[in-house]
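Asks: These protein sequence lines are chains A and B, in that order.
Under the working numbering, the residue at position 130 of the first sequence is numbered 185, and the numbers go up by one with no gaps.
Under the working numbering, the residue at position 94 of the second sequence is numbered 149, and the numbers go up by one with no gaps.
Just so you know, these hints were derived from the structure itself, not from any lab.
As the structure is a prediction and not an experimental result, all values here were calculated from the model.
Among the clues, some could well be false.
Note that identical chains are pooled: a pair holds if it fits in a single copy or bridges any two copies.
With a straight-line cut-off of 27 Å between C-alpha atoms, the simulated BS3-like cross-links for lysine-lysine are [as the list claims (entries may be wrong)]:
{"#": "1", "residue 1": "K116", "residue 2": "K159"}
{"#": "2", "residue 1": "K176", "residue 2": "K97"}
{"#": "3", "residue 1": "K176", "residue 2": "K57"}
{"#": "4", "residue 1": "K205", "residue 2": "K159"}
{"#": "5", "residue 1": "K160", "residue 2": "K233"}
{"#": "6", "residue 1": "K233", "residue 2": "K107"}
{"#": "7", "residue 1": "K119", "residue 2": "K160"}
{"#": "8", "residue 1": "K57", "residue 2": "K160"}
{"#": "9", "residue 1": "K213", "residue 2": "K57"}
There are 2 protein chains.
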Amino acid sequence: MKRSLSPQTILLPSPVMVVGTYGLSGNPNMLTVAWGGIASSKPPCISVSLRKATLSYNNIKQSKAFTVNIPSETYYKEVDFAGMVSGKECDKFGITRLTPVRSKKVNAPIVGEFPVALECKLVQAVELGSHTMFIGEIVGLVADGDSLNKYQLPDIEKVRPLFWGSFGSMAYYGIGTKLGNAFSAGNEILQPRK
Amino acid sequence: MKRSLSPQTILLPSPVMVVGTYGLSGNPNMLTVAWGGIASSKPPCISVSLRKATLSYNNIKQSKAFTVNIPSETYYKEVDFAGMVSGKECDKFGITRLTPVRSKKVNAPIVGEFPVALECKLVQAVELGSHTMFIGEIVGLVADGDSLNKYQLPDIEKVRPLFWGSFGSMAYYGIGTKLGNAFSAGNEILQPRK
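Chain A with its partners taken away, still in its complex shape (with noise of 0.2 Å):
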């Protein structure tokens, strides 16, 4: 039975993204985000969503830089730290001794410790409301070499990663079991096995 519910902005499920940016003084400073997701293929494009009140917005509006880093579930503590609290109030890098690697492509850290990271230069920032939504152009990827599959990309069951189970949950959750393949499962659809 459906039920209409009020209006909840509940993405099952949600990423989890930790951006990285320097502040004017070069301090490194990570914020773990729920809102945003990729943009566009060409270019490559990846949207994060923030509130003014955080120093990542300060930083993003001043560098015009970020990196957007994919955790690995063992660093679930970590990454709720880090969306907990605001960089204006401590060095989170520091309590969380993370180690924020300067980006070859982007003025920027990477979270050395994570798998894989996107490095990002803004290209536009869309005022909405509650969150500035800030639409990154992916000049660089950064990975770990045993997070990669045989054709050097980021295979899903090396990295490991998290996601948040939203509202109705409050969670983070790891990656279960594989269903089927992409671009393929849906031929059964029309030829259905025997």
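Dock chain B against the given chain A, drawing on the hints supplied.
Replies: What follows is chain B alone, placed relative to chain A:
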């Protein structure tokens, strides 16, 4: 060891969203989309990025409305099919035997068999190159009664959504183990458990 790779639109995990629209003649269409995500809290907004060549692009331009349907993992074949073919060439609802149900809030169809749908009114279209990002205000949420938790919110463990492993796996996955609670697990960074 970190490796610098060419830019890639790789977000892990990437969501699987089935966008529902009506054409001028009232024909329902659906398209599986991985580019997009929640964009703002107040007003509640979500973005989906589409190529101009798609029927859904034309439909949203005309109707100014769309739904974002969240499938459960059992529908991965139907979901894949809806991303492989164009609504310009076939009736995707008819072929998959999924049911278009008229939204009470917006001029767009909901996928009747899927547990959750966000009902969206177009507020902005951002041209990014290969893709146009449609930002919709979420004006309603429809969910199966048995997908809700005690707070009447869709529970990810009941919805059992799927996600896409991006280009490194080209496969769909289900959700895995709960790792910890959001806005809670991070406290252990400051006060580690004994």
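Asks: Work down the list of hints and note, for each, if the structure agrees.
Replies: We went through each hint and held it up to the structure:
1. K116 with K159: The answer is within: 20 Å in one copy meets 27 Å, while 40 Å across copies does not.
2. K176 with K97: both (14 Å within a copy, 26 Å between copies)
3. K176 with K57: Intra 43 Å, inter 20 Å, cutoff 27 Å: inter-copy only.
4. K205 with K159: within (24 Å within a copy, 48 Å between copies)
5. K160 with K233: Classified as neither: same-chain Cα gap 34 Å, cross-chain 35 Å, threshold 27 Å.
6. K233 with K107: neither (39 Å within a copy, 31 Å between copies)
7. K119 with K160: within (12 Å within a copy, 38 Å between copies)
8. K57 with K160: Between copies only: 14 Å across chains, 49 Å inside a chain, cut-off 27 Å.
9. K213 with K57: Only across copies: K213 and K57 sit 14 Å apart there, 38 Å inside one copy, limit 27 Å.
Checked against the numbered hints given earlier, this structure breaks hints 5, 6; the rest are met.
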